[in-house]
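Turn these sequences into a full structure, and let the hints guide you.
Number of protein chains: 2
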Amino acid sequence: MNAKKRITIYDIAERLNVTASTVSRALSNAGYVNAATKELVLKTAAELNYKRNTLASNLRMGQTKTIGVVVPRINQNFFSNVIAGIEDITYQKGYNLIICQSDEQHQKEVKCVNTLINQHVDCIVISVSADSVSYQHLQNVIDQGIQLIQFDRVAEELETLKVINDNEQASYQAVCHLIEQGYKKIALLEGPQNLNIFRQRKTGYLRALEKYNIPITDAFIVENAWTKELGAEATRKLLSLPDLPDAIFASTSDFSALGVLETATAMGIKVPAELGICGYSNEAFTEITSPSITTIDQFSVFMGKTVANLFFQEMENNDTSVTPKSISIQPELIVRSSTRRKS
Amino acid sequence: MNAKKRITIYDIAERLNVTASTVSRALSNAGYVNAATKELVLKTAAELNYKRNTLASNLRMGQTKTIGVVVPRINQNFFSNVIAGIEDITYQKGYNLIICQSDEQHQKEVKCVNTLINQHVDCIVISVSADSVSYQHLQNVIDQGIQLIQFDRVAEELETLKVINDNEQASYQAVCHLIEQGYKKIALLEGPQNLNIFRQRKTGYLRALEKYNIPITDAFIVENAWTKELGAEATRKLLSLPDLPDAIFASTSDFSALGVLETATAMGIKVPAELGICGYSNEAFTEITSPSITTIDQFSVFMGKTVANLFFQEMENNDTSVTPKSISIQPELIVRSSTRRKS
DNA sequence: TATTTTTCTGCAATCGATTGCATATTGAAA
DNA sequence: TTTCAATATGCAATCGATTGCAGAAAAATA
Numbered sequence: 001m002n003a004k005k006r007i008t009i010y011d012i013a014e015r016l017n018v019t020a021s022t023v024s025r026a027l028s029n030a031g032y033v034n035a036a037t038k039e040l041v042l043k044t045a046a047e048l049n050y051k052r053n054t055l056a057s058n059l060r061m062g063q064t065k066t067i068g069v070v071v072p073r074i075n076q077n078f079f080s081n082v083i084a085g086i087e088d089i090t091y092q093k094g095y096n097l098i099i100c101q102s103d104e105q106h107q108k109e110v111k112c113v114n115t116l117i118n119q120h121v122d123c124i125v126i127s128v129s130a131d132s133v134s135y136q137h138l139q140n141v142i143d144q145g146i147q148l149i150q151f152d153r154v155a156e157e158l159e160t161l162k163v164i165n166d167n168e169q170a171s172y173q174a175v176c177h178l179i180e181q182g183y184k185k186i187a188l189l190e191g192p193q194n195l196n197i198f199r200q201r202k203t204g205y206l207r208a209l210e211k212y213n214i215p216i217t218d219a220f221i222v223e224n225a226w227t228k229e230l231g232a233e234a235t236r237k238l239l240s241l242p243d244l245p246d247a248i249f250a251s252t253s254d255f256s257a258l259g260v261l262e263t264a265t266a267m268g269i270k271v272p273a274e275l276g277i278c279g280y281s282n283e284a285f286t287e288i289t290s291p292s293i294t295t296i297d298q299f300s301v302f303m304g305k306t307v308a309n310l311f312f313q314e315m316e317n318n319d320t321s322v323t324p325k326s327i328s329i330q331p332e333l334i335v336r337s338s339t340r341r342k343s
Numbered sequence: 001m002n003a004k005k006r007i008t009i010y011d012i013a014e015r016l017n018v019t020a021s022t023v024s025r026a027l028s029n030a031g032y033v034n035a036a037t038k039e040l041v042l043k044t045a046a047e048l049n050y051k052r053n054t055l056a057s058n059l060r061m062g063q064t065k066t067i068g069v070v071v072p073r074i075n076q077n078f079f080s081n082v083i084a085g086i087e088d089i090t091y092q093k094g095y096n097l098i099i100c101q102s103d104e105q106h107q108k109e110v111k112c113v114n115t116l117i118n119q120h121v122d123c124i125v126i127s128v129s130a131d132s133v134s135y136q137h138l139q140n141v142i143d144q145g146i147q148l149i150q151f152d153r154v155a156e157e158l159e160t161l162k163v164i165n166d167n168e169q170a171s172y173q174a175v176c177h178l179i180e181q182g183y184k185k186i187a188l189l190e191g192p193q194n195l196n197i198f199r200q201r202k203t204g205y206l207r208a209l210e211k212y213n214i215p216i217t218d219a220f221i222v223e224n225a226w227t228k229e230l231g232a233e234a235t236r237k238l239l240s241l242p243d244l245p246d247a248i249f250a251s252t253s254d255f256s257a258l259g260v261l262e263t264a265t266a267m268g269i270k271v272p273a274e275l276g277i278c279g280y281s282n283e284a285f286t287e288i289t290s291p292s293i294t295t296i297d298q299f300s301v302f303m304g305k306t307v308a309n310l311f312f313q314e315m316e317n318n319d320t321s322v323t324p325k326s327i328s329i330q331p332e333l334i335v336r337s338s339t340r341r342k343s
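Each protein sequence line maps, in turn, to chains A and B.
Using the numbering used here, the first residue of the first sequence is number 1, and each one after it goes up by one.
Using the numbering used here, the first residue of the second sequence is number 1, and each one after it goes up by one.
One should not assume that every hint holds.
Given that identical chains are not distinguished, each listed pair holds provided it fits within a single copy or across any two copies.
With a Cα cut of at most 25 Å, we get these calculated BS3-like pairs of lysine-lysine [as the list claims (entries may be wrong)]:
| id | residue 1 | residue 2 |
| --- | --- | --- |
| 1 | K65 | K51 |
| 2 | K43 | K111 |
| 3 | K51 | K305 |
| 4 | K270 | K237 |
| 5 | K108 | K43 |
| 6 | K93 | K108 |
| 7 | K43 | K184 |
| 8 | K342 | K65 |
| 9 | K111 | K38 |
| 10 | K51 | K111 |
| 11 | K111 | K93 |
| 12 | K325 | K237 |
| 13 | K51 | K108 |
| 14 | K111 | K5 |
| 15 | K305 | K65 |
| 16 | K202 | K305 |
| 17 | K111 | K65 |
| 18 | K5 | K270 |
| 19 | K93 | K305 |
| 20 | K108 | K184 |
| 21 | K202 | K51 |
| 22 | K185 | K342 |
| 23 | K305 | K342 |
| 24 | K270 | K185 |
Don't read these hints as lab results, they were simulated from the structure.
And the structure:
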C-alpha cells in the first residue's frame, strides 16, 4: 500500500508562516482569527487537499461522535431496517455508525461490545443475541460511562434506555383476532424463552386464551420454532396430533409462518378454511404468498429512528433530569387472507 | 452523561510503580518485559477494568484496522448480504467495519467517503449510487493512500480493485433460456444506464437476441423500471402495445419482476404460458410467488467475503506485485416456473 | 574474574488536533 | 494623549499509547 504522508495542519501552518494553533482555529471556526488569514487557510487546505485527522481530534476532544450498533444479524430484515432508521437520524447529526454482528452468539457479542468500548464510541445500541445469559458486558458499558440503549430484545434487569415493541399486546391482539374469526384450537410456535420478546409474546397468547375462556393445551405449544424449517417441522408434528389445532400462531417470525403455510399446503390442508396462520414481523413476502399471511408490523425503521432520537435527547439534557427510560412502540396487526374466514 | 474518567496505562503504571512504557509493553506483548511484572500488569489491568484507548493507539500506529463500507441502501437484501459477508471475514481478522449509506444520492456518497477518509480507515469498500456522475471523491481516496475496493456497481474508468458479477453473461444466459423456452418477443426492463451493471445486462440481452437472429424491437425496451411500481407500470404499457411481447426480462431487480407478475395476473394473462417472466437477484420471495419466479443468483454473501479477502491479500503482499485487479463472480440462472413452458 | 550478551526498564519524543494562557496589535472610549 | 477592551497569534501542554535509544541489571561466555 502506498502510505503517502497525509497533509496535516502543520503543513498548512508552515506554508503560511503561522502556527498550527491558528490553522486549527481557522478550520474549526473557533476563537479569534483574522478574516484574511482564515480565508487563506481555507484556501490552502483545499489546495493541498487537507483532511482532518479525526483520530487526533477525537482523542483530544474526548468524544468520537460515533455510535456503535450490535445486532444478531445484519442481513435480517428487521435489523437492517432498524439500522437504516438509526443511520437516517445520525447522519443528519454528523454522527457515524460502527456496526457489529453478534451472529446470535453471546461470546461474539461480548467481543463486539468490548471493541466498541475501546473505540470510545459515545453510545452503544444493542439488541441482545439469542443465547445471552450474562449481561456483565453491558454493565461494563454503563460503568465506562458510555450511553447504552437496548432495543427489541432487551435485558430487562438492566437499567438502561430501552426502545421496545409492545409484544404482549400485539400477540394478544393477534390471538384475539384468530378467536374472533372462529378459530378455537390455536397452537403457538414460540421462540427461545430467555429472550424477553418471546416470553412477552407467549404471555399475550395466554392472556387472549384466558379472556375467551379457552383452555390451554400443552401439546399446542411448540418450543423453538423460529426458522422456516423448524416451523415446517412443528407443523408436521401438530397436524399429526389426534386432536388437531385449527390455527397456528407463529409468534417467532414470518419465516416460521411460511414454513407452516408450505407444509399445510403440501398436506392438502386449506388455509384459511381449515387452518389459520399468523406470523410476526411483516416481512415483505407475507403480502405475496397465496394466501397472503396475516402478520404483525413492528415499524422497524421507525424504531431505529426512535433509538437515535432518544440518544440525542438524552445527550442534550445531560442534567440527569428524569426522562422516560423505556419507550414502547405499538405494533400493528395486519390482517390478510391466511386468517380471514368471516367477511 | 456521566463522563467518568477512564483507566489509562498511566493509572496502572502509577499503581505498580513502573512507567507507562512497561505497562504498554506488557499489554501489547511487545519487547522485553519481566514475566512477573507482566503478570502483575495484566492482573491490575483486569482489576481496574482497563480498556485500551484505540483512538490513541491508532493515532500513534497510523492504522485503524477499520474498513469503511459505503452502499446505496443498507436494508436492501443484496447489500446487507454483502455486508454480512464482509463482516464475517473482517471479524475473524480483528478488523472493524464502519457502514455508511449513500441513499442513492451522489452528494451523500461524497460526504460518507470524506468522513471515512477523515476516520483514517485502512480501506474503503464501495458500490456507487445510482446518480453518480463524477468520481473525484473516489480518486481522492486513492490519492490519500487508502485502499479502495469497488464492488457490483463500479466506476470502470478508475483503476482500483474490483469485485463484480459477470452481469452480461448472466443476462445473456437468461435471455437465451427464454428463447429456448420458445419465447420470441422478449421485452427488457432496464435500469439507469449510468451504472455499469445495467449497461452490461442490456448488452447481454442484445447479444442473446443477436445470437438467435431475433430483431430488436425498440418498443420492447423500457427505461428505468427498477421498483415494483415502475415494473408494474412498464408492464401495463407493454401489454397494451399493438404487438405484445411474450416475455419480460426485468433485468433491474426481482421487485420489478414481481410488479410484472402481479400486473399480468391481474390482467388475466397466464404466466408462463402467455408471458414469461425473469427477474434478477434471487430475492427470497421469488421462490414463493405463484408461479415462482425465474431469476439470477448473485451470491451476495460470497461476494462480500471475496471483497474482504481481496483486501487482506493485497495487504499482505504490499510489494506492489501484480495481483488481478478485478475479480468476476459468475452468477447463476435459477430457472423456476415463471419461464418453464417446455418440460 | 573479566567480558560479552541478553533482558529489563525508564526517558522522552511522537502521532495530529485542540485550547488555556500570555503577548502583541489594533481600535475605541475617556 | 491615555486607558481599556477587543482582536489576533504564538507557546506549550494535553489527550493515551507506542517505541527508539540508553543505561542498568542479570545471565551467559570466555
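Cross-check of the supplied hints:
1. K65 / K51: both (17 Å within a copy, 19 Å between copies)
2. K43 / K111: between (44 Å within a copy, 19 Å between copies)
3. K51 / K305: For K51 and K305, the Cα distance exceeds 25 Å both inside one copy (30 Å) and across copies (30 Å).
4. K270 / K237: within (17 Å within a copy, 36 Å between copies)
5. K108 / K43: between (47 Å within a copy, 23 Å between copies)
6. K93 / K108: Between. Shortest inter-copy distance 13 Å satisfies the 25 Å Cα cut-off; intra-copy 30 Å does not.
7. K43 / K184: neither (75 Å within a copy, 61 Å between copies)
8. K342 / K65: neither (54 Å within a copy, 59 Å between copies)
9. K111 / K38: between (44 Å within a copy, 23 Å between copies)
10. K51 / K111: between (31 Å within a copy, 12 Å between copies)
11. K111 / K93: between (28 Å within a copy, 13 Å between copies)
12. K325 / K237: Cα proximity of K325 and K237: none, with 42 Å in one copy and 53 Å across.
13. K51 / K108: between (34 Å within a copy, 17 Å between copies)
14. K111 / K5: Answer is between; shortest inter-copy Cα gap is 22 Å, intra-copy 33 Å.
15. K305 / K65: Within. Shortest intra-copy distance 17 Å satisfies the 25 Å Cα cut-off; inter-copy 29 Å does not.
16. K202 / K305: Neither way: K202 and K305 sit 27 Å apart in one copy and 38 Å across, limit 25 Å.
17. K111 / K65: Result: close both inside a copy and across copies, 21 Å intra and 15 Å inter.
18. K5 / K270: neither (69 Å within a copy, 64 Å between copies)
19. K93 / K305: within (12 Å within a copy, 31 Å between copies)
20. K108 / K184: Neither. Shortest intra-copy (43 Å) and inter-copy (53 Å) distances fail the 25 Å Cα cut-off.
21. K202 / K51: Answer is neither: 53 Å inside a copy and 40 Å across each miss the 25 Å cutoff.
22. K185 / K342: The answer is within: 17 Å in one copy meets 25 Å, while 44 Å across copies does not.
23. K305 / K342: neither (37 Å within a copy, 50 Å between copies)
24. K270 / K185: Intra 16 Å, inter 38 Å, cutoff 25 Å: intra-copy only.
When held up to the earlier numbered hints, the structure conflicts with 3, 7, 8, 12, 16, 18, 20, 21, 23 and fits the remainder.
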